[in-house]
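A.B. asks: Now for the letters of each chain:
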Amino acid sequence: MTSRSVFERILDPSGRADPYPLFAELRKTPVARQEDGTYVVSTYREIVELLHDPRVSSDRRNLGSTAEAPDGAPSFIGLDPPEHDRLRRLAMRHFGPPHSPRIVDGLRPAILALTTELIDGIAGERRADVVDEVAYPLPVAVICRLLGVPQEDEPQFHAWADQIIETLGPGEEDRAERERERRAVGLKLEGYLAELAEARRGQPGEDMLSGFVTYRGPEGGMTPQEVVSTAVLLLIAGHETTINLIANGMLTLLRHPDRMERLRAEPGLIVPAVEELLRYEPPVQLVSSRVALDDIDIAGTTIPAGSPIVLALAAGSRDPAHVADPDRFDPFRARNEHLGFGGGVHYCFGAPLARLEAQIVLGELVRRLRNPRLVADPPPYRPSPVLRGPRHLLIGFDGVEPDGQPYTRKRE
Amino acid sequence: MKVVVDLTRCQGYGQCAFLAPDVFTMRQEALLYDLEPGDERREQVLRAAAACPVQAVHLDWTATWHAAEQPAPPARRNTDGRIVIVGASLAGARAAGVLRREGFTGSLTVIGGESHEPYDRPPLSKQVLTGQVPHDHTMLPHLREVDAEWLWGAQATALDVAGKRVRLADGREIGFDRVLLATGTRARPWPNEAEAALEGVHTLRTLEDAARLRQALAARPRRVLILGAGFTGSEIASVCRELDLEVTVVERGPAPLVSALGGVIGDVAAQMHREHGVDLRCDTTVTALEGDADGRLRGARLSDGSTVEAEVAVVALGSIRNVEWLRDSGLAAGVWGVACDAGCRAVDTNGLVTDDVFVAGDIARFPHPLYQYQFMTLEHWGNAVAQAEIAAHNMVSDQAHRWPHLSVPVFWSSQFGVNIKSVGVPTFADEVVITQGSTAERRFVAVYGYRGRVTAAVTFDQGLWLEFYQRLIERAAPFPPEFRHVDRRAGVGPVPARVPERLVATAGATVVVTGHDPAERRASLLHAPQS
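Here the protein sequences come in this chain order: A and B.
What the first sequence shows, in my numbering, is residues 1 to 412, in sequence order.
What the second sequence shows, in my numbering, is residues 1 to 531, in sequence order.
Misleading hints may appear alongside valid ones.
Claimed, not checked - Stretch-level coverage of chain A by chain B, calculated; a stretch enters the list once three of its residues show a Cβ under 8 Å from a Cβ in chain B: (1) 43 to 56; (2) 75 to 82; (3) 88 to 100; (4) 339 to 346.
No lab work stands behind these hints, which were simulated from the structure alone.
For every residue, glycine included, the Cβ atom is placed at its ideal position computed from N, Cα and C.
Pulled out of the complex, with its shape left as it was, chain A reads as follows (with noise of 0.2 Å):
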């Protein structure tokens, strides 16, 4: 019927709901060239493969083409080690080991309170939007909170990384526009971050902002530069993602109602629940941005020095050929691994965060919401292809438990 390839339809925004078939369909060459250059890898031991090899590097302006030369450093997501690697430790030092090993631990509580205290606003519902009530504010919160953003601040900033979101993707056709669209919106989200960070400067806090301008170590601290990228970076890759998760996980529980069944029965189960779902329906579906330093032999087919790649981690995930029954939602799967947070040295920062969020959320929607059920089916999805997830999620449900038997689980 068209001579698009199959992954010119995945981008598609009209088969979100449902991109699966067309990643088997895609797994069927390993390795594919896409027209424009862009060889996309969709099988699960190649994109391992790729994600730890070191002739691919993230950063474009080892592209061959020189069309685009985006001004400014990357942030460390876009860098190679390494920058990659001191930037990334320079980061790791706020948030977790070797240096803070309890922040993430240490949030537990407020994350069950956010979400204690968002479930009960709806408490006098029958039908709510899962996105909007508590997907959407927690993440928000919880990140702004870490970076030390105030409160108050909060819708401006959604308003800001919501359009950033927009403008990622592979396709390098109207890449130049949309890197000049990012650009736009940056400067503002910068230009803010930059003020604070200056002001903490002054007036250090506990907050990661604050150890970001503060650190100075043998290995020197960030700039200022550094600074505002890597929380521009941390702000979006904290807040759209987990959003995400949040969302295609309420979506898939209340899709398979017998397996949420017996996550009500057997609570503790949902922290193999959160990974079944970064396999099954991952917020992050492809890794759009890496490059070919040299000619890489891979799947029969040689990926030529210069080349962008794309790295289909949703299609991977579910590759017949790493996982039994792939495409079935196995939320007690054992030994799940996925490529949920990627993998290699740019393994998402925010992994253990991301878990945690999304355990105390799911945990605590299974066991408060009475009867919950999908109004729509599919629900209305956000445009991206790299980060995937619905807009809204309606759900109707007869009524809340109340909060009476608070998290009763053992306080490490």
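Given chain A, put chain B in place with the hints provided.
C.D. replies: Chain B only, in chain A's frame:
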């Protein structure tokens, strides 16, 4: 509950340290953990295990290859009769579980020389010595409840291959149809028995050794003397500095780790020792340990004429293979180990392969196709596990369905806060090149080559890249690697590897290994075009 992390697989993502910070701690990429966290940590640990991106955290130690979850349809298999396993440590215990997983229904007897259930040795020179984890928190989780008769504290003293019996020290004889030899190694003691008996002189191999040494370090001796700067000696030195104890390391070679990793990395290791305040004496040996009138260690005399005062000495001069009991067995067993084929079948003194005697773990000396079929023993955690799988599979399979042990060796060590990993055989090299990172930053990848082929790689806090280099080894990729890649520093090129001398085989065909699952891994010869 019991936990073990397969550090061969671990890539240092640190997810476990985020989610269970009371159980797992990271130092950059080096992971230390409690193997027996209390039940109040159960939820944390479950969360950490589920989150591991490479699924390396094992709770009920699943004896499965990741890629081979479903066993192949049984062909003609040999799943009954009597199997005896001699040795109940990592390899022996693993093999017992795998035999049952593979459908062995006959009688299974495991003879363990020590009086404990199987435990994990790597923590003994790390988190146990620092006191972070009690020594008795190192028992390995059960593979599953293995249906076997476990004879603890039973010493095997002889093997009668023709009569198919294992003789025990107490006179008992255990008959078998097939037997697996996995008796491992013991620490090489200080050769002077009187000096070795001085109070304060230690070796480190067993759980009891670790408990005693921990106690000695906790008493805060004024100085610790370490004899030998191999991996064990270096790790102990690192622990001593972490505990802020003065330590002198005496090494016969030109630098630490030279016999395993060659002189280039050895020099880096020497710098790390000195930066961390170790008094490192290379090209030096201890000529005598000296005691006081009460039989307590007072110090040592060194080959350069100097003396060192120390209250504690650790003899870390390598290991001795436990093969003496096989002396009259007719097998090709000696100080080098027990010779076997790549399918773990033992070779007799005539060089003939036996049918019913298998070998695995530290004592198994097998020909590795990737290394010109040279016979090698690999005293690595990962090798013990992988080889036990192969041996157990082959013990219940007929000739046509046996697997070769073709895994590329992977090894790790953590010392001075750095996670060192190696893949391949680094001593099988004539040149080394630093491909990624820099030795000055203590974060790098070193690639080893032999006659124009990649043979090994060593990473310092760069373990994520190891599998890429493993594939280069398996494909016999050209050395030095010429491709463009990330984190390449200016002005680096191959330098002589400075590895200890070993047998040099004649050049000929190049061997490549293909396949991922054990059932499909094969070696094949690539013959160079005739010139």
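A.B. asks: Each hint: holds or not?
C.D. replies: Verification of the supplied hints:
1. 43 to 56: Check passed, 7 qualifying residues.
2. 75 to 82: holds (count 3)
3. 88 to 100: holds (count 3)
4. 339 to 346: holds (count 4)
The structure is consistent with each of the numbered hints, conforming to all of them.
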